[in-house]
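K.L.:
The listed protein sequences correspond, in order, to chains Y and Z.
Residues in the first sequence are numbered from 278 upward in steps of one, following our numbering.
Residues in the second sequence are numbered from -15 upward in steps of one, following our numbering.
Take the hints with a grain of salt, since some may be wrong.
[What the hints assert, rightly or not] Restricting the straight-line Cα-Cα distance to at most 30 Å, the calculated cross-link-like pairs of lysine-lysine (DSS-like) are:
id	chain 1	residue 1	chain 2	residue 2
1	Y	Lys286	Y	Lys559
2	Y	Lys559	Y	Lys288
3	Y	Lys559	Z	Lys131
4	Z	Lys165	Y	Lys289
5	Y	Lys429	Y	Lys500
6	Z	Lys131	Y	Lys286
7	Z	Lys131	Y	Lys288
8	Y	Lys288	Y	Lys616
9	Y	Lys286	Y	Lys500
10	Z	Lys131	Y	Lys616
[To be verified] Residues from chain Y that face chain Z, not an exhaustive set, calculated with beta carbons under 8 Å:
id	residue
11	Leu426
12	Arg436
13	Val440
14	Ala547
15	Val611
16	Met615
[To be verified] Coverage of chain Z stretches by chain Y, computed from C-beta distances (three or more under 8 Å per stretch; other residues unrestricted):
id	segment
17	-8 to -1
18	65 to 77
19	120 to 130
20	144 to 152
21	241 to 254
Calculated from the structure, these hints are not laboratory results.
Think of the CB as a built atom: it goes at the ideal place given N, C-alpha and C, for glycine as much as any other residue.
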Amino acid sequence: MNTNGETSKRKKFLWIMILLITLLIVLFFISLRTGVIQITPGEVLQTLLNNGTNKQELILFDFRLPQILLALLIGAGLAISGVILQGVTQNELADPGILGINTGAGLAVVLFIFFFRDSLDTTGSLSIFMMPIFALVGAMGAAFLIYVLAWKKGVNPIRLILVGIGVNAGFSAFLVIFQLQMDPQDFRQAHVWLSGDIWNANWAFVLALLPWILILIPIALHKASALNVLNLGDEVASGLGSNVERERRLLLFIAVALAGASVAAGGGIAFLGLVVPHIARKIIGPLHQYIIPISTLIGALLLMVADTIGQNLLAPTEIPVGIIVAILSAPYFVYLLMKTK
Amino acid sequence: MLSTINHSNLLRTIINISAILALLFSIGISVSYGTTDIDLLTVWQAIFHFNPDLTTHQIIQELRLPRAFTALFVGAFLAVSGAIMQGMTRNPLASPSIMGVTDGAAFALVIMLAFFPTVSNSGITVASLIGAGLAVTLIFMIGSFSKGGLTPVKLALAGVAIGTMLSSISSMISLHFQLEKEMGFWLAGELAGANWTSVQILLIAGTIGMVLALAIAKSITVLSLGEDISTGLGQNNILTKILGIFAVLVLTGAAVSIAGAVGFVGLIIPHITRFIMGTDYRWIIPSSAIFGGLLLVLSDVVARGINAPFETPVGAITSLIGVPFFLYLARGSGGGKS
């Protein structure tokens, strides 16, 4: 690529970033003020500056703000996990869900509901904190299992995907068997969780998820060139002198950790990890140093908007956010598919 | 995709014949096994010297036989659909459920359950078939109206998008009308409702679908080498793809509308078959049918027995039986280069 093309590409990238950040800020305030109890923009600002009524403070600081921040973090985490998995496996259909990471987390949560719910006070904080911990352990366990099973003097992308779908299928089978033996109430709770649901937004979760995102996404960005090389295929990558195996292991670890932490906080939000990298690639091209920042913003934006809609569309009934993500992004994704070669 | 062992046509024939014998044997087990165990001699008599006065003969004719055949056909159809899709898209993740067929059928089903709760079983089958057809038509249209045409990757991606959207809407409806558990059972696959009408539907769809599949088998082998190579060889890829997608629609649509979303079979049997049979789709397609049918008939026996008298969804059992074998193959194939 000549220098001129590169400069114009960088310019395009900067403009898109500015556009996305502006959109993010505007929608952040819109979603902060919408809800069953409406708060005007002026009141939001006042409350943020510590001049609001007690009720407004309660709504904003204890409910809406942590929920929105959590949505932003989860969206960013899932999107980057998808970017890395699609790059590493060289497969356009790869996402955190297809490798069994979601199912691993889901199985752990369903087992938790199945075995321990009766013995726990369900409204107590213990239960609220245990579910994400189980989910995280399940996601990590699934990832570890896939990696061990796919290991054979290294891990090649095709074997990784095949082992991933096998493990995913096995976990799904157990998931179904346990789930169908639940009483309707528990089944419903599990179903909502599996559809993707930010059910326990509070500051503790925001703080728990924040370091994963703040540390791992910059590392991913730092590894963007490795991802570009891996994306060309193993032979080319080794030929270019990249230590393929070590880079892949590190990148996979980042992808799994991001997906695991995000799924723990947000349930089985499907499709986001698949669709955001595609959207980013269609906007900016194949270079990961551009794709990663843009995907981070698009993922965060998409989940925040979906979460706001999910909470308000049929209020007071909440629609699981994963459902809204799919309904919102699928048509745009299809449009992109039709438009590009 | 998995690499392959050495094959001669003799070996392939022997494997296929053994698999068919295993299939016949497992159908025998399936028919004789149940709440009332019936010995194989009685099974034989019930089929060839049917006596309507005997309860055991009635059970075999009206319940066990249609169920075994339904399992056989559903397994075979899903496996063949998966084989066609993986061959056409060259993507190891391609499977009938990715094409949105399953989600389309589930969507129609949840609408029937929510808004027309009095609908009959055959009404539900017809609705699922229509739903599956609509989903595929939509995906097909997206593929063909898009710039650059009907590429396999585009079809798969459009399938995922439309499928996820439909299943999300289904999820919303089922949460609102509290139908999660019914949908859960259906999505995990169930054969309990099988009767001779389902066998008839499957037979008609199967004849059309299998004839098509076998007719394009050779073209799929060429297509699986890559679009450029097959175009270079002067093959009409568009026609192959249209026929292939139509076969997938008919086979998967019929299977899903009767047995629900039995996962795994369509995704994994083609991999297993390719490993055993090689890369020639004239062998892969019939063998997939045999292996898929065998897996589902056996799984159905286990599903009925494992937690009797309750039935475990057959889709869960297919995975539990198939996954260890699949993982073994995925690892054993060495480099795994296709």
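K.L.:
Holds or violated: arginine 436(Y) as interface residue toward chain Z, Cβ cutoff 8 Å?
P.N.:
Holds, about 4 Å.
K.L.:
Please verify the coverage claim for the segment -8 to -1 of chain Z: does it have three or more residues whose C-beta sits within 8 Å of some C-beta in chain Y?
P.N.:
With 0 residues in contact (Cβ-Cβ under 8 Å with chain Y), the coverage given for the segment -8 to -1 of chain Z is violated.
K.L.:
Given methionine 615(Y) as an interface hint, is the shortest Cβ-Cβ distance to chain Z below 8 Å?
P.N.:
Where the cut-off is 8 Å and the nearest Cβ of chain Z is about 4 Å from methionine 615(Y), the hint holds.
K.L.:
CA of lysine 429(Y) to CA of lysine 500(Y), is that 30 Å or under?
P.N.:
holds, 24 Å
K.L.:
Between the alpha carbons of lysine 286(Y) and lysine 559(Y), is the straight-line distance 30 Å or under?
P.N.:
Distance of about 13 Å is within 30 Å: holds.
K.L.:
Holds or violated: lysine 131(Z) with lysine 288(Y), Cα cutoff 30 Å?
P.N.:
holds, 27 Å
K.L.:
State whether the coverage of the segment 144 to 152 of chain Z by chain Y holds or is violated, taking the criterion as 3 or more residues with Cβ-Cβ distances under 8 Å.
P.N.:
Answer holds; 7 residues pass the 8 Å Cβ test.
K.L.:
Could you check if alanine 547(Y) really has its C-beta closer than 8 Å to a C-beta on chain Z?
P.N.:
With a closest approach of 6 Å, the alanine 547(Y) hint holds.
K.L.:
Can you take a look at whether the segment 65 to 77 of chain Z is actually covered by chain Y? Rule is 3+ residues, C-beta closer than 8 Å.
P.N.:
holds (count 3)
K.L.:
Given valine 440(Y) as an interface hint, is its Cβ closer than 8 Å to any Cβ of chain Z?
P.N.:
Holds, about 5 Å.
K.L.:
Is lysine 131(Z) close enough to lysine 616(Y), meaning Cα to Cα at most 30 Å?
P.N.:
Holds - the C-alpha atoms of lysine 616(Y) and lysine 131(Z) are around 6 Å apart, at most 30 Å.
K.L.:
Is lysine 288(Y) close enough to lysine 616(Y), meaning Cα to Cα at most 30 Å?
P.N.:
With a Cα-Cα distance of about 23 Å, the restraint between lysine 288(Y) and lysine 616(Y) holds, given a limit of 30 Å.
The structure fails hints 4 and 17 (numbered hints given earlier, in ascending order).
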